[in-house]
Amino acid sequence: MSAGKLILEIVTPTREVLRREVDAVTLTGALGELQALPGHRALLTSLRPGRLVWEMGFLIESYQVEGGFAEVLPDRVTVLADECTLVQPVGPREVDKR
Amino acid sequence: MATLREIRKRIASVESTKKITRAMKLVAGARLKKAQDRILAARPYADKLRQMIHHLALHADPADHPLLDPRTPLQVSLIVSITGDRGLCGAFNSNILRQTTHEVLDRRERGEQVQLMAIGRKGYEHFNRLEKVEQYFPDVFHHLDYEEVQQVGEAIIQGFAGHRFDEVVLVYNRFQSAISQHVEVQRLLPVITETESALEGIIDIIYEPSREELLDQILERYIHTTIYRALLESWASEMGARMTAMENATNNAEDLIRALTLQSNKARQAAITKELVELTTGVEALKG
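Note that the protein sequences, when read in sequence, are chains A and B.
Under numbering that gives the first Met the number 0, read the first sequence as residues 0 to 97, first letter to last.
Under numbering that gives the first Met the number 0, read the second sequence as residues 0 to 287, first letter to last.
Some clues are possibly wrong.
Stated by the list, open to error - One-sided excerpt, in silico: chain B residues whose CB lies under 10 Å from chain A:
hint	residue
1	L48
2	D144
3	Y227
4	G287
Unchecked claim - Simulated coverage check for chain A against chain B, where a stretch passes if three residues somewhere in it have a Cβ under 8 Å from a Cβ of chain B:
hint	segment
5	39 to 46
6	84 to 93
To be verified - Calculated pairs, EDC-like style, for lysine to aspartate or glutamate (alpha carbon to alpha carbon, straight line, at most 20 Å):
hint	chain 1	residue 1	chain 2	residue 2
7	B	K131	B	D84
8	B	K47	A	D81
9	B	K47	A	E20
What the hints contain is simulated information worked out from the structure, not anything from laboratory work.
Ideal Cβ positions, reconstructed from N, Cα and C, are used throughout, including at glycine.
Generate coordinates for the entire structure from the input sequences, incorporating the hints supplied.
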């Protein structure tokens with residue numbers, strides 16, 4: 000585990016979607032959008048249908064998640080999605096986005 | 000001794016049986032590969048989900064949630080018997096039927112009541128003659144997907160919540176390899192949680208929306224996933240069992256063909272010899 004990074008894992012009942020190191024993850028939680036950074040407090044939330052965006056340096060990628068759960072720990076984020084589709088593949092972040 | 004014609008007819012019939020068993024073996028082999036991939040693909044989700052439940056249940060009293068709470072005394076058990084829809088797969092189905100019967104009798108001996116749920120036609124046909132099958136899900140394996148499986152889970156959760164039964168046990172074949180699968184008896188409800196977990200030290204966890212609601216949703220998901228996984232295991236086992244059974248059948252057919260060919264050659268030779276003997280006897284007789 001390298002310091003200052005999160006390990007993001009996304010799995011659905013039928014496949015493993017992603018497992019990689021990231022700087023930050025933005026999720027659509029039950030109570031609204033939340034961003035997990037390294038060192039986040041332990042959190043368990045259900046997910047509403049919505050965006051999941053991870054960032055790593057200048058890279059960014061976004062998914063559409065159809066409900067599920069997320070577990071945020073200081074060094075990792077585990078997303079159990081009912082369904083998960085890629086919206087925008089890995090690419091450089093655009094200045095005006097987000 | 001059978002006539003040459005009869006033997007040839009039998010050879011032809013065994014040949015065509017062999018063709019069928021060979022084809023079935025190949026089909027089962029191809030499906031087995033796919034089924035194995037699906038088990039592997041479903042594994043991470045199931046593992047993570049179980050982890051989450053343990054984390055959640057860590058600071059919870061089992062009495063917090065009806066699906067976690069062991070009921071005493073246990074009065075009615077639901078036994079879910081997972082078989083295949085079709086035969087020709089060796090001991091695959093009969094092992095399940097035997098184990099299910101065992102579980103049923105065991106509980107009756109203890110004075111408990113038993114309800115049966117059948118997934119797969121073979122189990123239904125078997126038990127429907129002897130017992131009452133409370134619920135039957137046909138054609139699940141026809142298009143086995145996660146959405147489809149949820150209706151089984153819903154039925155189980157509803158029955159459990161409505162106190163129609165106090166315990167749910169799955170009986171299914173767990174896939175080990177193409178040639179071996181073993182019968183697994185797994186308790187589905189109430190959910191058993193482990194007390195140890197990586198989160199042991201962390202007491203301070205934020206739950207959104209609330210722990211009760213989360214537990215509720217996650218447990219439901221867990222039931223679905225567990226059933227889905229059991230069905231995948233069973234499907235892969237069935238394909239493995241069928242492949243092995245059909246492999247054996249093909250080999251047996253080959254042995255039989257070899258034996259019959261030998262017999263037919265002998266019969267042919269015997270006929271020729273007989274004709275020759277008759278011919279020479281005739282010639283000798285004319286000479287004399």
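A quick look at each hint next to the structure:
Because the closest C-beta pair between B:L48 and chain A is about 6 Å apart, less than 10 Å, the hint holds. Interface restraint check: B:D144 against chain A, minimum CB-CB distance 8 Å, threshold 10 Å, status holds. Because the smallest distance between the Cβ of B:Y227 and any Cβ of chain A comes to about 6 Å, under 10 Å, the interface hint for this residue holds. About 90 Å separates the beta-carbon of B:G287 from the nearest beta-carbon of chain A, more than 10 Å, and the hint is not met.
Check on the segment 39 to 46 of chain A: 6 of its residues sit with their Cβ under 8 Å from a Cβ of chain B, so the three-residue criterion for coverage holds. Here's how the segment 84 to 93 of chain A fares: 0 of its residues keep a CB closer than 8 Å to some CB of chain B, so the rule of at least three is not met and the hint is violated. The hinted pair formed by B:K131 and B:D84 meets the criterion: a straight-line CA distance of about 19 Å does not exceed 20 Å. About 13 Å separates the Cα atoms of B:K47 and A:D81, which keeps this hinted pair within 20 Å; it holds.
Note on B:K47 and A:E20: the hinted pairing holds, with a Cα-Cα distance of about 18 Å set against a maximum of 20 Å.
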